[in-house]
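A.B. asks: Could you slot chain E onto chain F? The hints should help.
Read off the chains here:
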Amino acid sequence: MPQGFGPAPTAPDGSPPERGGPPGLGLSLAHEASLQSRLIARDEQALVELVGFASPWLLGVALGMLSDRDEAEEVVHETFTIVWRRVDLFDQESGRLLPWLLRIARNRAIDRLRARRRRTLKLRRLEAYGAPGERVAPAIEPDESARPGWHVHDTVHQALGTLPQEQHAVVDLAYFQGLTQSEIAEQLGIPLGTVKTRLRLAFDKLRPRLAGIREWVL
Amino acid sequence: MTSHEWFIEQRQAFVIRALERDEEQAFHEHLSGCAECREATTALEHDLAWLPLGASPIAPRPGFNRSVVDAALGRRSAERRWFAPLALAASLLLALGSLWWARHTVSREAERFAIRQAELGSALASVQDTLSILRRAGTVRHANITMGEYQGGMVILADNQSHRWNVVVYGLPAPHDGQVCQFWFITDRGMVKGLAVPTSVGAATVLTLAMPPGNYQVKGAALTMEASASAAPAPQGKELAHLML
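Protein chains in written order, with the numbering used here: chain F, 1 to 218; chain E, 1001 to 1245.
Calculated directly from the structure, the hints in this document are not laboratory data.
Be aware that a few hints might be false.
[What the hints assert, rightly or not] As a list, the in silico EDC-like pairs of lysine to aspartate or glutamate whose alpha-carbon atoms are at most 16 Å apart: (1) F:K196 x E:E1023; (2) F:K196 x E:E1005; (3) F:K196 x E:E1009; (4) F:K196 x E:E1024; (5) F:K205 x E:D1047.
For reference, chain F alone in the conformation it holds in the complex (with noise of 0.2 Å):
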């Protein structure tokens, strides 16, 4: 069977693959490890493969901010270029290679949302487009493509969901639309504070759930 098309196989007696997670769909912890490793040794292959596996959950993050998929395209650009040049100076220990690569493309696209001045345009766009928090854990099924992941990706929709709607909001806002503190208070028509403190109790509350699947695999 081709891999990667579908769920991974359990170990005989039912356990995850990997520690603590569900079962893996396309890159285990050792895979990872050896992927970074061959890409510090100027594997193109390992590059291929990592494209392969990881632009699609890059260009959803910085489409999600930048509304331009040519832009989000650039950005994932950027975010592999720089991967492949200083992916010597990464340190395992501090991290894991997908989110450093998470960590960057949504950077760059932060980076670009604001040197670009583009959040007045999306201000008005939200305006023009409806509530803001509806946009976060939509309902769609995974395609061939986004399926290594996917269960990471539930389980994070499915920690968002536990949020009071008014939490959701700032969240969506702050983290998935690139908005800063201020800018959301704008946005919402609510004080500096109010978003301060929803911010502040909705990370309490993501917080450990999130830190529960730190150490899954995708």
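C.D. replies: Chain E in isolation, oriented as in the chain F frame:
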């Protein structure tokens, strides 16, 4: 504003980059001298490592991943080089088409030109997608099919990275009236209906297929001859071929 309490309160906002630029700068400066905040923000970053996956994934456009790899490696896209002649031919076609359409009214010309351009763009993307799978096929399976006097077959080329297949069905006659040549996925939970495959002795049919939606383990594929009116979720007709991956 800049007491240690403020930095403690703003750790989460800093990690998710929800601070204003001047606040963010102040936080960076504070971190350089505060081990406690450095440790706390690092721990928070680790705990939120998978939060970006709350964003829905977006399927890359055909050829995009190749262009990403080429860009990272600092070279021109191989696919773009490969497709340059095709793009040139398409441009020539468009130019010739434009001349022909010039005899018509401007508005009608513009409308038809746009349609033609879209068709060519779609055809190019389709060819690019098919070739991409063909070039990266990690698994190839073939089955011979005999239908009366006709000898044909089915080939599956599976791209193990994108989880997409090229399926080629060749040498088979068109089905009789009221019948259809049906493609099926063989999965861990039984047969899942795919596309009806048009067949013709004189031309191979090439399909580019994604895996069926749902959490299936796809183990192979089959081809059957079904009644065209059948809406059965499982094969009822004669099996022509099956392939296990």
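A.B. asks: All hints are to be evaluated individually against the structure, with a verdict given for each.
C.D. replies: Going down the list of hints, with the structure as the test:
1. For the proposed pair F:K196 and E:E1023, the alpha carbon gap of about 14 Å is at most 16 Å, so the pair holds.
2. Straight-line distance between C-alpha atoms of F:K196 and E:E1005 comes to about 14 Å, which keeps the hinted pair within the 16 Å bound.
3. For the proposed pair F:K196 and E:E1009, the alpha carbon gap of about 9 Å is at most 16 Å, so the pair holds.
4. Between F:K196 and E:E1024 the alpha-carbon distance is near 15 Å, which keeps this suggested pair within the 16 Å criterion.
5. At roughly 12 Å between alpha-carbon atoms, F:K205 and E:D1047 fall within 16 Å of each other, so this suggested pair holds.
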